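Novice: So the chains spell out like this:
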Amino acid sequence: MTRHVLEHFTATSCIGAGTAATLASLVQQRSGLERCAFETVKIDTHIGEVPGVDAQRLPHELRRFDCRNNRLAELALQQDGFLETVREAAGRCGARRVGVFIGTSTSGVMQTELAYRDRDAISGALPSAFQYSTTHNSFSVADYVRQRCGLQGPAVALSSACASSAKAFGSARRMLDAGLIDAAVVGGADSLCLTTLYGFHSLQLTSPAPCRPFDVARDGISIGEAAAFVLLRRAPENLDRDAVLLLGIGESSDAHHMSAPHPEGAGARRAMQAALAAAALDPSDIDYINLHGTGTPSNDRSESQAVTSVFGATTPCSSTKGATGHTLGAAGALEAVISALSIRHGLMPGGLNTSQIDPALTASYIRENRHAPLTRVLSNSFGFGGTNCSLIFGSAG
Amino acid sequence: MSLAAYVNGIGVLGPGLNGWPDAAAVLCERRIYGSSATVLPPPTMLPAAERRRTGRVVKLALGVALEATAAAGADVTQLPSVFSSSGSDGYICHELCEALAQPVREVSPTRFSNSVHNAPAGYWSIATGAMTEANVLCAFDASFAAGLLDAMAQVTADRRAVLLVAYDTEYPPPLHAKRPIPDAFGIALVLSPALAPQSLARLEVTLTEEAFDTMRQSQLEALRASIPAARGLPLLELLAKEGAGRTIIEYLGPARVAVQVEPCH
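Line by line, the protein sequences are chains H and S.
Take the first sequence: its position 99, counting from 1, is numbered 99 in my numbering, and each next residue is one higher.
Take the second sequence: its position 192, counting from 1, is numbered 192 in my numbering, and each next residue is one higher.
Next up, chain H with everything else stripped away, as it sits in the complex (with noise of 0.2 Å):
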């Protein structure tokens, strides 16, 4: 495929707001993961919350999509400088011209959860405040990132559960690939909600623990919220040495269940090799694997054995859940983005959390940060619906 780079990038997550304190977090070791205090939530588990969502405030005139959700998008867009890289791109090849694809999996459903709360005694009427459209929607969150940096592109949110911003990318591309428009802001934000606490605990998925990602005793996820965005475009003839390109992507479903994965990582696996053939690569050239790696026992298993049947077990691969939590719709931009900072400091982060690896996993899981040149690194993401897709970046250099 076509060679993308990302001209500018930016993550907040739990473990920092902005790419340099992600870094810092992240040659430090320092996970994000607290005992949950969130809202009225009562489960024993521990999640990832972003410091200073609720006291974030929208732009006046954009008011009307006022939710978690869009306070934590605009806490992001604010770092590095990202809204203004935007504009001036913008500025550059015309409004029209700049698509926006954000992933998302529960966007604003945090307003509709409160106003269930306030329903009309007589009624059931929720209050006349609520605005379902700018908030709850999937598409407030894209709507939100597109009005803010003035763009007039083509627009989409992505809602393929955890997979979601990953998916972006490939959405993204394919656009600039068919000429549709000339640069594309591609990322992903989910905030915490009672809907995602609450239903993965239903499903027994949640971890009392912050999560340990591969250990022989992990025992599910921490649910964190995150939001990520890249700037991307078609790549120039000449590049800077510390530019980092999107050189490939790959997507599949299982077919398999709608909240299991494949028990072989069937569908894993076809994501991987898709990935690698859209980036004319073969396994030995993929320096360092960034896992979807969540933490619950079916999950690693089935990853482990779809990473081992590509590449081996050797390539150095890790979790970065345990310092972010288990981000959901945000988690393939989140990691697209640590997986950019990978390349350009030559860091390969250790999984935190995680004390004894599980021998059944055969992947080479690597639990403390290693510092070499990185020339090329896969990021998987993976959901519910059985939905799956893997990301290769590389450095220009």
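A portion of the hints provided could be inaccurate.
Stretch by stretch, here's where chain H covers chain S in the computed footprint (C-beta under 8 Å, at least three residues) [unchecked claim]:
#1 115 to 121
#2 128 to 136
#3 175 to 187
For the record, the hints were derived by calculation from the structure and aren't laboratory data.
As the structure is a prediction and not an experimental result, all values here were calculated from the model.
Cβ coordinates follow ideal geometry from the N, Cα and C atoms, glycine included.
Following the hints, put chain S in place on chain H, whose structure we already have.
Specialist: Then chain S, alone, in the frame of chain H:
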């Protein structure tokens, strides 16, 4: 810059529109339109265990997808798909929000896993065995045009056939008052880069800011204006009439999607 594809199969379900031949008869005025509640086929292609769990949105999406792919004679296991909808399962959303508003919050695990926006895409891959990718989109009222653009970009950029499924179902009260979608409506198109014996028409899609088309029949216009997936009705009308023409579909604010249609026969 334009995106081009051939339409090899069509599926439609909506109020008073029961499949493409039936809808085509209405759209080229061979039959008088009479609005009645959308009839959703049981998803017989799913295993019994899965079938029991599926709600209206899954039945709708699978129903139109099956009609379009059968008409196209497509090998569904090899066909990537684009699912575009303005919302997820409204009934499940209501049940979850109701449960979460109780003093003791008991959430059904099955309801939760079926609440994801990509549930219909997941069930489609389970039903067909297709391990190809499914892209699942939402652009609120612009979801039909957004899905069409995404699918056309796939055909154009990657030179391969794609199944587009655009579909919407209603919310129950009290959310219905905030999002008044009246009934279920879905359109599926099999879009291909190459002319085939079953190709019905060639589409060429561009972005524009011209005024969008409405439906001449008032009941069909009411449908178009009230259900996001039905924003595709002007395109279906052109396809039903089997002539050449151009139509402008509502998209995001001043941005519209223009579709040039050339019949293949």
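Novice: Does each hint hold? Answer for all of them.
Specialist: Checked hints:
| no. | hint | in the structure |
| --- | --- | --- |
| 1 | 115 to 121 | holds (count 6) |
| 2 | 128 to 136 | holds (count 9) |
| 3 | 175 to 187 | holds (count 4) |
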